[in-house]
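So the protein sequences, as listed, match chains A and B.
Numbering-wise (my numbering), the first sequence opens with residue 1 and increments by one.
Numbering-wise (my numbering), the second sequence opens with residue 499 and increments by one.
These aren't lab readings, by the way, just hints derived from the structure by calculation.
Which stretches of chain B does chain A cover? Using the computed rule of at least three CB atoms under 8 Å from a CB of chain A, they are:
1) 501-508
2) 512-518
3) 521-529
4) 536-544
Okay, the calculated bits of chain A under chain B, using three or more residues with CB under 8 Å as the criterion:
5) 79-85
6) 232-239
7) 263-270
8) 276-287
The beta-carbon is built from N, C-alpha and C at its ideal position, and this holds for glycine as well.
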Amino acid sequence: MNAALLGIAAAALLALGLGFLARRGRQMGLEQWTVAGRSFGAPLVFLLMAGEIYTTFTFLGGSGFAYGRGGPVYYILCYATLAYVTSYFLLPPIWRYATENGLYSQPDFFVRKYDSPMLGVVVSLVGIVALIPYLVLQFKGLGIIVEAAGYGAISSTAAVWIGAAVATAYVMVSGVRGSAWTAVAKDTMILLVVVFLGIYFPLHYYGGLEPMFAAIEQAKPGFTVLPARGESVWWFSSTVLLTALGFYMWPHTFGSIYTARNTRVIRQNAVVLPLYQLILLFVFLVGFAAILQVPDLKGQEVDLALFKLSVKTFDPWLVGVIGAAGVLTALVPGSMILMAAATLLANNIYRMVHRSAGDTRVLTIAKLLVPVVALVAIYFTLQGGQTIVALLLMGYSLVTQLFPSLVLSLGRNRWVTREGAAAGIITGVVTVAATSLMHATIGTLFPSLPVAIKELNVGIIALGVNVLVLVVVSLGTKFVAARHGLPVKALDPPSRPA
Amino acid sequence: MVRWLALLPFLGMLVGPFFLNRVTPYALGMPFLLAWFVAWILLTAAIMAVIFRFDPANREERE
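Model the full assembly from the supplied sequences, consistent with the hints where possible.
Pasting the structure below:
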């Protein structure tokens, strides 16, 4: 066993230990397991939010994106910042409603607001289709990290099985508390490692930031800004805006709102979280530093930029520390996704079929579903293939489709009907699937439009169709109900039925 | 209303790049566009802190 492997193994054990300890002295009812009894103060909510946002995608993908495509990577820096600004206003009403009504999951919110368990099933399915590829991405990243940082001593297949087993175990035991406490270790390590690498590489190889960027500019003019065509400024602004809207629509992110003790905690985090975005700057610097030092990574290999450069530069023990941080960035979000997916299935689909099932029963089912979801994700991870990549690209656009009917349910004047909400979400999702599978862009769909419009993010089309259908169907159902003298069903009943 | 300040980060990050998509002058050693975004992250945190401080909603809920 080499020094690097030792570090990685220690990280896995640390996660397991913290994950188990998180449960200490608590009876794990459904409310404890899914939303920690709505008891978290600002630091734990921060860790949970940061825990699920800074994933292997940030670590590997962020540096790989900077390495492979340059300036367009800045969109990651911007969209989350704007999402945090939005969170200050968007999340408190969601939290208040969820707490008053004792909600556990994201679909619960739609079920209650629109008084429609079927809408809950639709929302759950959208969530699961988006979550599974996201989980696969974490497992894939885990495999890559362990194989690269362990100098090949452990195969990525073995790493995926071990990692998935660790996350499954502590989620089953401790629920969301397990994720929050392992996030303490993860965020401390990732912060130290990434800041160190982001400062060290430019200094070591170029003597500073400006010489590094000047060298890149000389080798690839314009690489560190947005290109004139393709991923242009138009692409950039539309993508930042769309992804900022979708940010809190991920089921596990939405669910972590419920863990807050009060709305003040949420607002505090809206102030602090933007600063935490700066960690991405250091990730990008690593990717930029790699451009001239480990050139010629092609295709999917770009995700290895950070590790290739680290292996080239450092002793094995330090590579092991970096690998350990990487393993934790896969495990923490992985565990949250596992829990969110299992909760959706048990709470919003199983309970829909077995209406008499109580919370204890639902909790048992949810826990049993954790390993099932993990196995499905492992299957897709090991099988590889293009399908899952296509799904992943769709994931963000898919969950964004929940945004219109969510926001429109928050206002006092509620004119969106459940039929309208369901029809909007479904047509939006179908449009996302169609445009993604066709690899369509606005340019290929409407070749005669001006360049600026052609380069907008194609997700705008799905969202537009979604809103249009939502409006038409809502007004239509109200009109029909009025014509036939049917009572328009009161939405949003004030209290939860016993 | 102090809450309207929250629109500034959107202006800075979504509209700014149309005018400032340039490598030089380097600022803090970074390409100008990157430095612009970094500056806006810092400004955003500051703006949110101001909003938090003066928003009446936070005074009501103090524990």
